[in-house]
Every structure is written in structure tokens, then in C-alpha cells.
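Engineer: All chains, full assembly: derive it from the sequences and hints.
2 protein chains.
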Amino acid sequence: LEQPGLDRAAGEQFLREAFQILLDEAVRKGTDVNEKVCDWKEPGELRELLDLELRSGGEPPERLLERCRDVIRYSVKTGHPRFFNQLFSGLDHHALAGRMITEALNTSQYTYEIAPVFVLMEEVVLAKLRELVGWSSGDGIFCPGGSISNMYAMNVARFHRFPESRREGSGTLPRLALFTSRESHYSLQKGAAFLGIGTDNVHLVGTDERGKMIPEELEKEIQRAKAEGAEPFFVCATCGTTVLGAFDPLGSIADICQRHGLWFHVDAAWGGSALLSAKHRHLLAGIERADSVAWNPHKMLTVGLQCSAFLLRDTSVR
Amino acid sequence: LEQPGLDRAAGEQFLREAFQILLDEAVRKGTDVNEKVCDWKEPGELRELLDLELRSGGEPPERLLERCRDVIRYSVKTGHPRFFNQLFSGLDHHALAGRMITEALNTSQYTYEIAPVFVLMEEVVLAKLRELVGWSSGDGIFCPGGSISNMYAMNVARFHRFPESRREGSGTLPRLALFTSRESHYSLQKGAAFLGIGTDNVHLVGTDERGKMIPEELEKEIQRAKAEGAEPFFVCATCGTTVLGAFDPLGSIADICQRHGLWFHVDAAWGGSALLSAKHRHLLAGIERADSVAWNPHKMLTVGLQCSAFLLRDTSVR
Chain A
1 LEQPGLDRAA
11 GEQFLREAFQ
21 ILLDEAVRKG
31 TDVNEKVCDW
41 KEPGELRELL
51 DLELRSGGEP
61 PERLLERCRD
71 VIRYSVKTGH
81 PRFFNQLFSG
91 LDHHALAGRM
101 ITEALNTSQY
111 TYEIAPVFVL
121 MEEVVLAKLR
131 ELVGWSSGDG
141 IFCPGGSISN
151 MYAMNVARFH
161 RFPESRREGS
171 GTLPRLALFT
181 SRESHYSLQK
191 GAAFLGIGTD
201 NVHLVGTDER
211 GKMIPEELEK
221 EIQRAKAEGA
231 EPFFVCATCG
241 TTVLGAFDPL
251 GSIADICQRH
261 GLWFHVDAAW
271 GGSALLSAKH
281 RHLLAGIERA
291 DSVAWNPHKM
301 LTVGLQCSAF
311 LLRDTSVR
Chain B
1 LEQPGLDRAA
11 GEQFLREAFQ
21 ILLDEAVRKG
31 TDVNEKVCDW
41 KEPGELRELL
51 DLELRSGGEP
61 PERLLERCRD
71 VIRYSVKTGH
81 PRFFNQLFSG
91 LDHHALAGRM
101 ITEALNTSQY
111 TYEIAPVFVL
121 MEEVVLAKLR
131 ELVGWSSGDG
141 IFCPGGSISN
151 MYAMNVARFH
161 RFPESRREGS
171 GTLPRLALFT
181 SRESHYSLQK
191 GAAFLGIGTD
201 NVHLVGTDER
211 GKMIPEELEK
221 EIQRAKAEGA
231 EPFFVCATCG
241 TTVLGAFDPL
251 GSIADICQRH
261 GLWFHVDAAW
271 GGSALLSAKH
281 RHLLAGIERA
291 DSVAWNPHKM
301 LTVGLQCSAF
311 LLRDTSVR
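Chains as they are written, first to last, in the UniProt record's numbering: chain A, 1 to 318; chain B, 1 to 318.
You may find that some hints are simply not true.
Straight-line C-alpha distance at most 27 angstroms; calculated BS3-like pairs for lysine-lysine [unchecked claim]: (1) A/K41 <-> B/K128; (2) B/K41 <-> A/K128; (3) A/K212 <-> A/K279; (4) B/K226 <-> B/K212; (5) B/K190 <-> A/K190; (6) A/K212 <-> A/K226; (7) A/K190 <-> A/K212; (8) A/K128 <-> A/K279.
Covered stretches of chain B, as calculated for chain A (at least 3 residues, CB under 8 angstroms) [said to hold, decoys possible]: (9) 120 to 131; (10) 205 to 216.
It should be emphasised that the hints constitute simulated quantities derived from the structure, not laboratory data. No residue lacks a Cβ here, since even glycine has one placed at the ideal position from N, Cα and C.
Structural biologist: What follows is the structure, given as C-alpha cells:
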């Protein structure tokens, strides 16, 4: 490593100045309703303005700080009161402080030895999320996004039901069938393709006019799949569908899963945080009967992207 | 949202003080050879020291700042000159400034509309990485880790060879066979399980005393798999094996892949950054013949965790 990477004083000075820009432009102006959400430019113009060519030589600190300012100026300030997105928004100063410290420490969660504090924190936070779901024990892990959480659920359900498929692959299994509503997230289809289950084997169950899965339709789809010689193994209910924000009726779906011996997963990526609301948590009644839950605190709890928890009820499932 | 989330002045003040702690403790002391890499505690003791109980009430700013100090104190400072890890280390002040700004903006990369600056930057950086690999065109994406990059490679190879398996799943395919060295990363096995290919279908090829794959052994394994009725489709060579840091002989492996019509993936998660070294890039001679490459700039380029690129040579592959 050459200079200026090792000029620690200059490096710290740079960090200090970059932080001041971040504070002024991204935090203060970025949350000020009188400022712009974004200084919008079309791709061609922005490419020129930013001058993104990667050169072999370095640039002086002043130029780099100017670049920091430009990055913020032309980016969307998602913490702005007029940034509208159905799934996330807002800036929490405390959460941001935590994230900056995490970045500075740059650890990985693989073992206690490399991240003692964060490993203990993860344990406590996951236990709290499980408690809110209604479980007194269980397991969990933070994932790089809700899509991956949903894939983990499908995969765990498959390995739990057919442990030998881990070694042998899906080729030796009967044709699997999984069920989710028409309004569910596209990651269920993507996951079925990725896991070698196949999108043809995702049965999309009908919904009512509010976007909620109709339990009778689920029952019919399961019967139909069985009649066609497929092996139902997994049902995904959604709490907070992407378009309408609908909450599937978890209790009735749990009954059906129980009767047929199917893995019951709840994709509560968006809606899970309603569990913290005394007024709205009834929307998730029955979630405690799930085998697994996907829940993204980054959506409604103002935590930064990505914060996605995959929760498991049964600790013995591997 | 209630106070103090909306008390912007207090929030900014908190951020300012947290940044000062970060700068003093994680950055300055964290890279000072005279300071400790970590104030080590066993889990039981650390749990008590940190007092991690999640309460319903809030805590005053002073207490939160004390907690920031404790988090840093008991964490491992991975930028410390005496932090030894075979895969990553070091703190680059400029990289950290970039990461802090990214966290403050809290955007997602899904569309130009939400992240105009970052989408253009990604385009330029991926093009540069491909250029270093030796390609004049192609595609790529940043992934949440090298394991996922390797899984994407396997999956793309499978869908490219058997496009119908995306819809139908792996159940209708012949028994697949993939090849990687005995010294390769465990994500290849994990990925085969996850994708429904099965770990039994991962053929581990013998290595020499330096940990490099022996091309003649690869040829033999391919013949053996074919004789057993399996369908070879994918070979993964490693540049920088986990234990010995070995670089597989890419040219000879590429010849074999070409002869048998197999997808040639290079897991250069660790070793890819040697492409920037005039002295060492010969170790990766032949990488330009790969169909896909996994490369983690966070390992040897002092970028923060996770920065993992998955690169594709052919833009028409989906």
C-alpha cells in the first residue's frame, strides 16, 4: 500500500470533511422539506456531470470532497419527507450512527471471535423478533434481503421433508408443489426457479377484491396438485402484499397446512413490523403457527437497507 | 413517529458526537499499532458488560454514546495493523467515507430512478473489472458475497444449457455433474445443495502439493461422470484457494471445458485482485476464457465488506 492510504492524519482529516458534507447535505438538507428530494438529471447528462472515468492516477482531496458533494446532490434523498415509496423511507439519526460504526469496524458475523459484540446483539434482536411473532424459542439469521429469506424458507422446507435431497438433488424427488397467492412477491417464483423446483410448480392461489388469499381456493389448488401427481410441501402466506398491502388470513391458512402436513411460511417482509403496533397486530393473528417468517425491519422501522430477518420456529430444523 | 426521531437538531448533534467517537476509537486508535486490536471478553462477561436487554423505553443520548464507545471497545478492529486474517484487513479512509455516504442516502440499486448516481457508478466499475479480466463486453452485478456469486454462476450455467429447467425444475433434467478442486471453497457444495443439484453431484478433482487442480484429473473425472450416465455442465477453477491461496492452471482447464462444451467459471473471490498487479497477474493467465468470474474487491483492495462482483462474458446469457 502506498500513500495516501497510510497517511493517517490526512485520511482522518478527509473523513472529517466528508462527514461534514454528509451531515449538511444528506442529513440536514436531505430531510428538509424545503430542499429538493433529488437534483434530477437524465443518464447521459449525469454521466458527463459526474465524470466517472476510472483513471490510474489519484485526485487531490478537494476534488474528492467535491465528488462527495455531487454524489449526494444528484442522489435521491430517501430520508426526505417528500420521498414516497410504499416500502421504505425516513432517516433515523441513531440508526445511521450505528451503521457508520458498523462500517468503520468492518467485521463479519461468521464467528464470535471476529465480531463478539455484533454476534451477541444479533442473538438478542432475533430473540426479540421471535418473541413478537409469539415464539418462546427458535432460530434465525439476518439475510441480504427478503427474497433470500423467502428462498431460505423454501429450501429449509424441502430439506426438512426430503433430507436426502441435499445430497441427491431435486432430480430424485417427486414433482414438488408450492402455494402462494397471486398477489405475492415475485421472489417466490424467482426462488422456485433458482432452487431447481421450477416456476411451473408454483401454484398461484386466487385472492379476493382486497388482495387476500382465499383459503378455499388454496384447499382446491392443493387437491388439484395432488390429483395431478405432484407433492405439495410448502405454503407461503403474505403479510403486506407489494401492490395492495393485503394481509392473508393466517389462521385459516394454518389450519389447511396442518391438515395436509405442509410447511407454513409467512412472508411478512413488509407487514411484519405491524407486530409492534397494539392497534394493527391483529392483522397478523395466527403468525405464531408459522414454521418460518421473513421480516424486513428496514421497511417500516426506519432501519437502513438491508435489514432482513429469517426466523424459524423449530430449532431442530437444519 | 414520535420524538426524538423528529427532533432533527438533537439527532444531528447525536450523529456528530457518535462520529467523533468513531473517529477517535475505531479509526485513530483502531489503526494504531500501540492500541489493542480488541478488548477481549468471553461471551458471558461481555453479555453483562453490554447490558443488551431490549427495553420498551428509550435511553438518554449520553447513555447511547457510551454504548457506541463500548461497541467499538469490545469489537475487533479489522483495520488494525495486527489484525491478521487471510482474506481481508486494512482501513481505507476514502472507502469508509464512501460507505458512510451510501448509508446516509440509503437507496437501493433496483432502478435508475431511485439511485441515479450509484447505478451509473456500478456500470463503470463493472466495466472496469471486466476490462481487467480481459473482456471488451459482458455483464455483471454486485452480490451479497462470493458464495452467492458462485451460486449465480452455477445457476446461469444450468439455465443456459437447459432453459426449460427454469420452468420445469431440475426434476426433468438428466443427473447433472459439476467439477471443482478438492481445495475449492465450500460454497460450491452449499450452492449445489441449495440449487437442487445435490452435493453428490459435485465432483472434487485432485490437486497437487501446492493445492492446484490437476488438469489430467479433471479430464478423468469428466470421463468417469459421463460413464456413470451423468451430464457434466460446469467447471469451477479457483484463483486463491481458502487454505493455501493456490491458483488453478486456468489455460489447461479452459482447454478441457472447450473440448467438452462445459461452462467455465472462475472463483477469483480472493485472488481476482491480483489482476491489478503487473507482477502477479500472470497467475490468472487464461481467465479471459472464462464464461463467468466471481471477484471480491473487499478481500485485497481494502474496500469494505461486502463488495462481491459476479461477471459474465456473454451479454446474451440470461
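Engineer: Hint by hint, say whether it matches the structure.
Structural biologist: Taking the hints in turn, this is what the structure says about them:
1. A/K41 <-> B/K128: holds (24 angstroms)
2. B/K41 <-> A/K128: Holds - the C-alpha atoms of A/K128 and B/K41 are around 24 angstroms apart, at most 27 angstroms.
3. A/K212 <-> A/K279: Judged against 27 angstroms, a Cα distance of about 20 angstroms means the pair holds.
4. B/K226 <-> B/K212: With Cα atoms ~23 angstroms apart, B/K226 and B/K212 stay inside 27 angstroms; holds.
5. B/K190 <-> A/K190: holds (19 angstroms)
6. A/K212 <-> A/K226: holds (23 angstroms)
7. A/K190 <-> A/K212: holds (21 angstroms)
8. A/K128 <-> A/K279: holds (19 angstroms)
9. 120 to 131: holds (count 5)
10. 205 to 216: Result for this restraint: violated, n = 0.
When each numbered hint is compared with the structure, a violation occurs for hint 10 only.
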